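With the sequences and hints as input, model every part of the structure.
Chains as they are written, first to last, in this note's numbering: chain A, 1 to 438; chain B, 1 to 438.
I should point out that these hints are in silico values taken from the structure, not numbers from a laboratory.
Each statement offered as a hint is correct.
Each pair may be met inside one copy or between any two copies, as identical chains are not told apart.
Derived pair list, reagent style SDA-like, types lysine to any residue, alpha-carbon separation capped at 20 Å: (1) Lys26 <-> Pro40; (2) Lys90 <-> Glu18; (3) Lys342 <-> Asp42; (4) Lys342 <-> Asp152; (5) Lys433 <-> Met416; (6) Lys412 <-> Gly402; (7) Lys251 <-> Glu237; (8) Lys26 <-> Asp42; (9) Lys62 <-> Leu74; (10) Lys28 <-> Pro40; (11) Lys28 <-> Asp42.
Because the structure is a prediction, the values reported are computed rather than measured.
Here's the letter readout for the chains.
Number of protein chains: 2
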Amino acid sequence: MKTEPRTLAGFMELLPDEQIAFNQIKEKIENTYKKFGFLPLDTPIIELSEVLLAKAGGETEKQIYRFTKGETDLSLRFDLTVPLSKYVAKNYGNLSFPFRRYQIGKVYRGERAQKGRYREFYQCDIDIIGDGELDIINDAELPSVIYNIFKDLGFDNFTICINNRKILNGLFESLGQKENSTEILRIIDKIDKIGKEAVIEELSKLNLQKTNIDKIMEFIEITGTSDEKLEKLENLEINNETYKQGLEELKQVVKNVILFGVPEKNFKVELTIARGLDYYTGTVYETFLNDYREIGSVCSGGRYENLAEYYTDKKLPGVGVSIGLTRLFYQFNELNLVSANKKSISDILIIPMLENLEKPIILASNLRKLGVNTEIFLNDKKLKAKLKYADKLKIPYVIVIGEDEINSNTAKIKNMETGEEIEVELDANSIIKFIKEA
Amino acid sequence: MKTEPRTLAGFMELLPDEQIAFNQIKEKIENTYKKFGFLPLDTPIIELSEVLLAKAGGETEKQIYRFTKGETDLSLRFDLTVPLSKYVAKNYGNLSFPFRRYQIGKVYRGERAQKGRYREFYQCDIDIIGDGELDIINDAELPSVIYNIFKDLGFDNFTICINNRKILNGLFESLGQKENSTEILRIIDKIDKIGKEAVIEELSKLNLQKTNIDKIMEFIEITGTSDEKLEKLENLEINNETYKQGLEELKQVVKNVILFGVPEKNFKVELTIARGLDYYTGTVYETFLNDYREIGSVCSGGRYENLAEYYTDKKLPGVGVSIGLTRLFYQFNELNLVSANKKSISDILIIPMLENLEKPIILASNLRKLGVNTEIFLNDKKLKAKLKYADKLKIPYVIVIGEDEINSNTAKIKNMETGEEIEVELDANSIIKFIKEA
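Set out below in structure tokens:
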């Protein structure tokens, strides 16, 4: 009796060529994070439930993979933020602040299985954590990281939307609606989906006065360039400290985002984004690929007042963004947007067609020494089967070496994409020269 | 009430500078795997218990992290070989053979916690899987992968020990001890630890005849160079097909390992290594750092007859090796062998000491575009604190930019290791030139 080999629903497992493309995206994200000087972090996937769930509750808690091993109550991490909180609180004395870290790793949520939703998925996070305080200019640096990533992934038409939660909160406070703010945010967050009229209707159900609804609608309908929006926010003349502070912060961020090299066409102030309902306290970000708006935000995050309050008395404000890579890759695939710039691991396949493998093997070693990923086909097959292998693996160059080639010390190198064949000397430098010129 | 932030025993969690060193080793291993044309694979950490444990039993099964979520019986992977088996059986029709894959990922074993033993640890595996058959020359390629990795990690004095299980099995068969072979192997495997006399004594307890014990001792005491050992094995005149086949394979491997560029001083035939007791069926490998023999084998593996017999009728022979990276890193650390060639992520820290950050930020962007990992210190601190930050993060170069520097368009770049300071023009190319020359 054989066991049927199968993979759990909601767990991504790719074929090699898809995995190569996935890894390239992952590497590009990681390289950009490193380019901005973020430090690597790798925390355990399993944590004590008591530690991991110090803050959690509600929906999140239901989705946790939680179990006991021996006597110990364990959980799998469901994001990379809680492990970061734990890590910073635990290692506070050994870290330098601002602590800039990136982490790319798998997290686990037992969501209801459906197409495009994963229970195991990669998150790619960066956060900047301050000790006691963190200058607002840090909030302006993150959009430039996002910008560089999506440019590097080959996109041009995307928008990083920026807002500040204090503006929303201050507005609601000024209307005497502080208690309703969560509910109001939830409603106006849906304006793209349900439209203006439905939003007004839902707001009315909260027993808001008409003047208040008008003010809210006036607010969320502010249009124009980022600068125009900032001016209109000023002109609303809302006399509330939180509002004023949020507006001031947003101005600072907008001004500096440009300094950080993000073109005006790739970011804008978007007053309706709120990013969840209680975690973020200042700047918030969402990023949209404008030609594929339907896939939602591809990179989100924001500023929070206090990273690790469940673990420490130290005040640790921070700002961060996250990319949900597994879902993003799924979406890219659905939209045929995955275009790896290298489709194979090997740059060249050496196909020996002779008994004595000495020369082909030495050639392979020499190519590798010069930085070329080189595979040598070591199994006894017909030439046709060997070429088919190169073709299926999308290896760009193939060189067949038989007795004749050894004797003449030349061989034909074949560009598998164009079919072009060129005779080269049988040494690593000649081959590399040909590959580079092609 | 704060929750104490803590990490489970047996789970490695590193400080940033250690993590940088860890990642460098991981990257070197991965790059070498890619250089030999192995394809990447990433399988889920959670699998159906029925699938993952199709083969397991005994000790392994006790260590599994196994739990239910909803109605589903789940387990965390305890190695990367079983997931590979499942993957190849499941995707057989979509793979090209020989299927060469690498996988670097975390695995889980609930071992008794002790110093240097981890419950979550990285394995770095490569395997070559044949469809029906796999030429013996593949067994000769893997030592060259191992060789390149440990050279790349800065080691010179290491030995890849090679043996073939068929030689041992054939020997025992010829002595009529096939049934005892597992037991005999277990005993002779201990010769390094317990010595010759104790081995003889333990063998006697198995009711072996003196002539048989003599033959076994004659066998395991064969010394000399690899070639001499092969000759002595020949001269033992053991008339057994398995033995002869194993000897023939071992000869092939030894001959070709040299072709693949492994110097004679870095490998040898070692007739007593057996690598576990039933998984491997032919070639077996262990690798020792000769100056640190006490840490045991740092890279092991071998040939197996049939990868996925629990999932499919297809015969899938393979050969592979694995590096237990987490434990290896721990051991390197204990021995002070971790010497990262880059100790920080950032190549340079820009320290602005002025209000208008425009120039410093643009300089940072330009440096990044030219491939330099560049961090800009964005928080309002005293110069001394900013320099201390660079020092703690071991960032090799620092450039301080104040009003004077902006006005003169020059600044001093400081080599933090030597203390050397040089005045450079305030542009990315001048700075890179200085860094490259230093």
